[in-house]
Every structure is written in C-alpha cells, then in structure tokens.
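Working from the sequences, and respecting the hints, build out all of it.
Numbering (our numbering), first residue to last: 71 to 184.
Wrong hints could be hidden among the right ones.
Straight-line Cα separation of at most 30 Å, DSBU-like style, residue types lysine-lysine; simulated pairs [to be verified]: (1) Lys-81 / Lys-131; (2) Lys-153 / Lys-122; (3) Lys-75 / Lys-108; (4) Lys-145 / Lys-131; (5) Lys-145 / Lys-108; (6) Lys-122 / Lys-171; (7) Lys-171 / Lys-97; (8) Lys-145 / Lys-112; (9) Lys-131 / Lys-171; (10) Lys-116 / Lys-181; (11) Lys-171 / Lys-140; (12) Lys-75 / Lys-166; (13) Lys-108 / Lys-123; (14) Lys-81 / Lys-171; (15) Lys-123 / Lys-153; (16) Lys-166 / Lys-181; (17) Lys-122 / Lys-166; (18) Lys-116 / Lys-81; (19) Lys-171 / Lys-75; (20) Lys-123 / Lys-171; (21) Lys-145 / Lys-171; (22) Lys-145 / Lys-123; (23) Lys-108 / Lys-153; (24) Lys-140 / Lys-81.
Calculated from the structure, these hints are not laboratory results.
Note that the structure is a prediction, hence the values are computed from the model and not measured.
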Amino acid sequence: MAYRKLGRDSKHRRAMLSNLTKDVILKESIITTDTRAKEVRKFVDKIITYGKKGDLVSRRKALAFLNNDKESVSKVFNELAQKYATRNGGYTRMYKIEARKGDNAPQVIIKLVD
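Rendered as structure tokens:
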C-alpha cells in the first residue's frame with residue numbers, strides 16, 4: 071500500500087496519524103491539512119471496520135493502533151459499529167475550507183458521515 075511520508079520519520083508519522091485518528095473518532099470532526107486528512111481517512115475506516123467485526127482480535131488491533139486509548143476504542147465498538155452496521159465503507163467525508171494563514175496550506179474538515 072502506498073503512503074505519504076508527510077515529512078516525518080516513521081515513528082513520528084505513526085504517532086501523528088494515531089492521534090489524528092483518535093481525534094476524528096472522539097470529536098467526530100477535525101480541521102487539518104488536505105494531505106494529512108487523506109492519510110487519516112484510511113486509518114479511521116480500518117478502525118471502524120474492526121469495530122464492526124467486534125471480536126477480541128479486532129479490539130486488540132484497534133487498541134494497539136490507538137495506543138491503548140480505551141475511551142476511543144469503546145466508542146468505536148459500542149456506538150460507531152452499530153451506527154455504520156449497514157454501511158460498506160466510506161465512513162468519513164472531507165470538506166475543503168480556506169487555506170491556512172501563514173503557509174497557505176490547503177485545509178479540510180474531515181468528519182464522520184451521519
């Protein structure tokens with residue numbers, strides 16, 4: 071699977087994507103740059119798919135990726151799994167907004183689909 075390096079080494083990139091994934095799950099909407107949102111969307115979809123499976127292995131995989139954040143994992147397995155039970159992927163949506171002041175980076179709002 072091809073991925074973007076996002077100008078970081080592998081540990082920093084993994085930590086950043088894990089934290090962004092947690093934020094999307096808990097807050098259901100965040101503002102970030104376009105390239106980060108495109109990367110984080112893959113991980114949010116994967117974690118919600120784990121929640122829909124609902125078995126112990128899936129829960130442990132989700133906990134491992136989200137750095138043992140029990141609050142976000144329980145939200146995925148208890149709330150979001152039922153919410154998206156009939157949906158076959160595409161759990162996030164991105165809306166473009168104005169560019170960031172300072173470096174003019176394109177920004178988006180990434181949020182969970184209702």
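Is the straight-line distance between the alpha-carbon of Lys-108 and that of Lys-153 30 Å or less?
Holds, at roughly 22 Å.
If you draw a straight line from the CA of Lys-166 to the CA of Lys-181, is it 30 Å or shorter?
Holds: Lys-166 and Lys-181 sit about 12 Å apart, inside 30 Å.
Restraint status (C-alpha distance of Lys-75 to Lys-166 at most 30 Å):
OK: Lys-75 and Lys-166 at ~22 Å, within 30 Å.
Mind checking the alpha carbons of Lys-75 and Lys-108 for me, to see if they're no more than 30 Å apart?
holds, 12 Å
Can you confirm whether the C-alpha distance between Lys-131 and Lys-171 stays at or below 30 Å?
violated, 38 Å
With the threshold set at 30 Å, check whether the alpha-carbon distance from Lys-122 to Lys-171 stays at or below it.
violated, 39 Å
Holds or violated: Lys-145 with Lys-171, Cα cutoff 30 Å?
violated, 34 Å
When you check the alpha-carbon spacing of Lys-145 and Lys-108, does it fall within 30 Å?
Holds, because 22 Å separates the two Cα atoms, which is no more than 30 Å.
Run the distance test for Lys-81 versus Lys-171: straight-line Cα separation, threshold 30 Å.
holds, 28 Å
Pairwise hint evaluation, Lys-97 against Lys-171, where the allowed Cα distance is 30 Å at most
Holds, because 24 Å separates the two Cα atoms, which is no more than 30 Å.
Restraint status (C-alpha distance of Lys-145 to Lys-112 at most 30 Å):
Roughly 18 Å separates the two Cα atoms, so the pair holds.
For Lys-153 and Lys-122, compute the direct alpha-carbon distance and say whether it is at most 30 Å.
holds, 10 Å
Checked against the numbered hints listed earlier, the structure breaks hints 6, 9, 11, 20, 21; every other hint is satisfied.
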